[in-house]
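A.B. asks: Model the placement of chain B on the given structure of chain A, informed by the hints.
Single-letter residue listing:
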Amino acid sequence: MILESLLPSASTYAGDIDRLFDVITLLVGIPFLVASYLFFAFIFRFKAKDGKKSMYITGTEHQYMKWIHRAHVPILVFDVIIVVMAVRVWYDVKQNLPEANSTVRVIAQQWAWTFVHPGPDNVLDTADDITTINELHVAKDTLYHYKLEAKDVLHNFSVPAFRLKQDAIPGRIITGWFEPTMAGTFDIQCAEICGIGHGLMPAKIIIEGAEQHAAWVEANSPLALTVAANQ
Amino acid sequence: MSWVFERFTRSVVSMSALCIFLAVVASSLGAFAASAQEASADLAKGKALFGLCTQCHGTNGGGMQAALAPAIAGLPAWYIEAQLVKFKSGQRGLHAQDTGGLRMYPMSRWLQNEQEQKDVAAYVASLPAVAPAPTLAQAGDAAKGQGYYAVCSACHAPDGSGNQGMGAPPLTGLNDWYLLTSIQKYKKSIRGSLPGDTLGPAMIGMVATLPDDDAVLDVIAHIQTLAK
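From first to last, the protein sequence lines are chains A and B. For reference, each letter of the first sequence is one residue, going 9 to 239 in the working numbering. For reference, each letter of the second sequence is one residue, going 550 to 777 in the working numbering.
Worth flagging that the hints you see were computed from the coordinates, not collected in a lab. Don't take every hint at face value.
Computed, partial: chain A to chain B, Cβ under 10 Å [said to hold, decoys possible]:
hint, residue
1, Ile10
2, Leu14
3, Pro16
4, Trp119
5, Thr139
6, Thr140
7, Gln197
8, Ala199
9, Gly203
10, Met209
Think about it this way: if two alpha-carbon atoms lie no more than 30 Å apart in a straight line, the pair counts; the simulated DSS-like pairs of lysine-lysine are [unchecked claim]:
hint, chain 1, residue 1, chain 2, residue 2
11, A, Lys159, A, Lys102
12, A, Lys61, A, Lys74
13, A, Lys159, B, Lys737
14, A, Lys155, B, Lys737
15, A, Lys155, B, Lys693
16, B, Lys693, B, Lys737
17, A, Lys212, A, Lys159
18, A, Lys155, A, Lys212
19, A, Lys212, B, Lys737
20, A, Lys74, A, Lys55
21, A, Lys173, A, Lys159
22, A, Lys102, A, Lys155
23, A, Lys212, A, Lys102
24, A, Lys159, B, Lys693
25, A, Lys102, A, Lys74
C-beta: ideal position from N, C-alpha, C; glycine also.
Excised from the complex, chain A in its bound form:
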């Protein structure tokens, strides 16, 4: 609700993450406002007054300590709610790996992104793969696996519209997933400081309908480009 008003929600799990964000904001934000109000209200209400001696509280009397103990109860309850919700979302986004309709390779380097898309055969690492720089093409309502690599240093594959962030680590191929739910062009950014050009490596994810995406794949496959060049 809060995030979605600022940024489109374009993946199947973006809504779950937004909901978690809202719950945390409310569970932490409301007590924070109440506590802040009481803090300043008590400062003004019980400020030093001439002829009035302050009371010394040792911190052991139940009648005073109960106000602290009682506050612990909602904190513990809220913590449990947040942890349970967060673990469920984490499992769904990071631990669970649903079966994919297609797979793309994402390669990060200082300071650019290389994306390898499967060609018309929809199989990665074959001769008809389509390689692009700083531009990832995907189809709406299609579940993708991504194989994330880094050539040099730590990077982070961040797609704010998907609420997706995943570190890219040199020497490792990290597999994750996403399913776009909204057509359009959205930002891809590196969310891990990776050197002097970190701020200069933006990319785009272009989400199209299935037919449009198939047409793009057909037109950009190496075979199609070779035929076009020879004509």
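C.D. replies: Just chain B now, with coordinates in the frame of chain A:
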């Protein structure tokens, strides 16, 4: 009444001619002023802009192999400027296997306009050339390389000083590792094959005259013997 019409016509023609003349003079002066302004590069601004480049190319422009950044100090301004244009427009570097080139793509976009490209190119050209140390583990045979270099000399000149008219940069004073990776990139069409690169395809053809890896090392060894 005819003399009135004739005089009116003559004055209109005269005024029109005068206006055209003034317009031509004004536009010529404007074009001259613009070209004079365009031609002048601001070294101080170029030095300030070069601050970003120093992160990889070093403060003296001597390059840093670990950052895949070659020595550029003292290279001609026209070549530096042309490469910045190529990097920015995606004619060079925008290839998935060109790791070094992809690092330059965003850097070139840091320069906002042609004047900034000109300024930084002029500053790089003003830097004293640095003699890079040899880095290749296996040295080639310079004598054999001289034979292979005959093809290169047609554009890069027998003494490796380059030829602006041909768009061929000087080859002297370049890092041996940079020469090696550049030739390898041309051989694999990683460099020179991007849309809009008019000179690159010629280099792809030229490096094809080097039959094997030894020949590549030989020609690099010969280039290294050419004085800066």
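A.B. asks: Work down the list of hints and note, for each, if the structure agrees.
C.D. replies: Structure-based check of all given hints:
no. : hint                : result
1   : Ile10               : violated, 32 Å
2   : Leu14               : violated, 26 Å
3   : Pro16               : violated, 26 Å
4   : Trp119              : holds, 5 Å
5   : Thr139              : holds, 5 Å
6   : Thr140              : holds, 8 Å
7   : Gln197              : violated, 13 Å
8   : Ala199              : violated, 16 Å
9   : Gly203              : holds, 8 Å
10  : Met209              : holds, 6 Å
11  : A:Lys159 x A:Lys102 : holds, 22 Å
12  : A:Lys61 x A:Lys74   : holds, 23 Å
13  : A:Lys159 x B:Lys737 : holds, 20 Å
14  : A:Lys155 x B:Lys737 : holds, 25 Å
15  : A:Lys155 x B:Lys693 : violated, 46 Å
16  : B:Lys693 x B:Lys737 : holds, 23 Å
17  : A:Lys212 x A:Lys159 : holds, 20 Å
18  : A:Lys155 x A:Lys212 : holds, 17 Å
19  : A:Lys212 x B:Lys737 : holds, 28 Å
20  : A:Lys74 x A:Lys55   : holds, 23 Å
21  : A:Lys173 x A:Lys159 : holds, 18 Å
22  : A:Lys102 x A:Lys155 : holds, 13 Å
23  : A:Lys212 x A:Lys102 : holds, 22 Å
24  : A:Lys159 x B:Lys693 : violated, 36 Å
25  : A:Lys102 x A:Lys74  : violated, 41 Å
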